[in-house]
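Here is what each chain is made of, one letter per residue.
Number of protein chains: 2
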Amino acid sequence: MGLIVQKFEESLISDTIETKNLVDKVKSAYIAGNSVVVVAAVQGNYMEELVNKANRENPSRSKRELDVLISAYGQIIASLTTMAIESSGIPAISLTGYQAGIISDSNYSNARIKSIDNERIFRELDRKNVVVIAASQAWNKFEDITTFGKGGDDTTAVAVAASLQADICEFYTDLDGVYTADPKIVSSAVKLKDISYDELLELSSLGANILHNRAVELAKKYNVNLVIKSRSKNIDGTIVKEVGSVEKLMVRGVTRDNEIARIAVMGIEDKPGMAFKLFSALAKENINVDLIIQSIGRDGTEDISFTVGKSNLEGTLEVINKNMALLNPREVQHSDKYSKVSIVGAGMVNNPGIAAKMFEALYEAGINIHMITTSETKISVLVDVQDSEMAVNVIHEKFNLNA
Amino acid sequence: MGLIVQKFEESLISDTIETKNLVDKVKSAYIAGNSVVVVAAVQGNYMEELVNKANRENPSRSKRELDVLISAYGQIIASLTTMAIESSGIPAISLTGYQAGIISDSNYSNARIKSIDNERIFRELDRKNVVVIAASQAWNKFEDITTFGKGGDDTTAVAVAASLQADICEFYTDLDGVYTADPKIVSSAVKLKDISYDELLELSSLGANILHNRAVELAKKYNVNLVIKSRSKNIDGTIVKEVGSVEKLMVRGVTRDNEIARIAVMGIEDKPGMAFKLFSALAKENINVDLIIQSIGRDGTEDISFTVGKSNLEGTLEVINKNMALLNPREVQHSDKYSKVSIVGAGMVNNPGIAAKMFEALYEAGINIHMITTSETKISVLVDVQDSEMAVNVIHEKFNLNA
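Chains as they are written, first to last, in the numbering used here: chain A, 343 to 745; chain B, 343 to 745.
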């Protein structure tokens, strides 16, 4: 018996089987005597259609109103979820962000949670209700509705779990846990029993779409135990918790990300601040830069190469164009024919031989490396996209991850 | 310059022309220097679909959750309306029922407004915002969402107008005002310049779908000036205000209602309380009874005939069946082949010749009258449905309403 927060990924509007899966999970947890809080993801074609309509009709509509629209959809999902739970004979009640006491800043469409006054949630749990909280919405100090943007659904679940000091925060997903590599690419990939927050953060940021990083960071900060489980099958998932028990494997997983583009700004003058100016201009447009190589070019000039998400390629080129006078490069190249292949593991930082072993695996397979970047918990390399599947497989084998 | 509440009937989700009409009306009122409050009706196929889905999946789902669902749709309409207004360059802001300070009782799906704390509305108007209020929703004392049920959209507009002491509450509808008869039936029907609350109440309850009676009653109570106008054409509508200036015509309009059914419970014992028991059983099921005739039947028994809305026919027969032992009638007949034709006018009460004139018109046309009922402001007769169009026309002519 304890307090469980359950977050579900699926859309309940159209899918009866997913609704049944959700109700089954909630019911078992409730009948076992737990207090259950449910967060159902805000998604669905209808909302996209509405948001597109809003954007089409008025591209300059205020973000405040877009949040009113998006949050209404979250409210619909929450009420339908609640009705589905009620229909199984379990008492349930839906709460909007405000009713759940979730207060955020006023950064519409991308708000951050400031506090949760959990009095109402606890009151409803005391009344033996399953509490269904509308995902990704809050109120700000003006008593206006905000939404959380990307990762808002996951973040809601973790924030509520932290506030309630829940025993566990369960994520029911398409996946049944975190694997050493994508089983679609590596047939011998193995599901991890547990993983640290940092490792999961790296995996998520590397394109393994598990939990949103905002949520994992929050879980790490408040030490919320997470578990990633299958929404359809009744099997153990992967537990996410603080490092310590999970140190025995140095490399925990291999992943690849094809959704990247590489830009090379070549032949810029070698004087201080050039890279800074370029990257701060990109940061202003909210473009995240990943791998960066700065190298000496011809005739004493500099070349700067970096990667961005594929969807940011156009925006990046625009920023460079705007700053042409400043950068004055000889040439700007770009390509999206690359893939980023990474190994992740909290234990890597103390094992300098890891990188060499990874490069060796690629060398043996005849795979060319274009760029390299390393951090405490990951090593990433840029390879040609057609080499990426093989790269993941040979690295997975080299590190004996299927053991 | 003044304070105007504008209520719009159309659905904004799918119709661009209706959106343009709405924005045009709001913009002209705003540019003329008025403070403008907008109430956009909650309607649309998508919501019906959702509610049907909810009912299908869980017929016993709590009404509280249904209200969460319905109110979310109102929020969507309000935000889209606001964005549309913003797109014309007019500052606008949407408010949910709670944000607008609307507090109701806890009768979910059929809540009544208890009070409006209009501080937020006035604050936004002071900031020169057009304030768009989500229709038909409020909060109760538990900080839960309620909705108002039938007529809730009209009622929201009138209640807000009363609270703000608006100069006028404009209803933009399919109609361009109130006519002496349905122009589709009577080609010479004339639009009324003004009409009293009571006359409008009678017309609405007689099937002329103009404003919901809840809203008109509220307007009468708080003396809110209403005007019914065309949503597409730019012409004068019909003003609804307290009787006085509108007394010169005795009969104001003729209307018919085909959506009725007649039930005859024949040969019940002639003892006190039989009619009371029958009608109180119907009232318990929320079935409104309209025309009633109680008459002596054969062998000292009684016959009770009455009309109900066509949609209530089945429910009415069920109630009678449940009370068979009590009523013990010889026979129960029912038919929906009737039409109710009525004349309405606040001046009628002091003119006893009116009824005779109406019956004369029907007699001259050879139309048979099955039942009659009168009130201070209307006279209704039941005729065969195939006679109803002619009945409306001959009465309209008899009273010179096209004058």
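Treat the hints as calculated values from the structure; they're not laboratory data.
Do not take every clue at face value.
Unchecked claim - Cβ pair distances, simulated, as ranges:
id	chain 1	residue 1	chain 2	residue 2	range
1	A	Asn394	B	Lys492	31 to 41 Å
2	B	Lys483	A	Thr358	33 to 43 Å
3	B	Asn394	A	Asn394	20 to 30 Å
4	A	Asn630	B	Ser572	52 to 62 Å
5	A	Glu391	B	Lys456	35 to 45 Å
6	A	Lys470	B	Lys533	56 to 66 Å
7	A	Gly657	B	Lys575	22 to 32 Å
8	A	Pro401	B	Ser529	30 to 40 Å
Positions of the beta carbon are idealized from the N, C-alpha and C atoms, including for glycine.
Hints breached by this structure: Hints 7 and 8 contradicted; others consistent.
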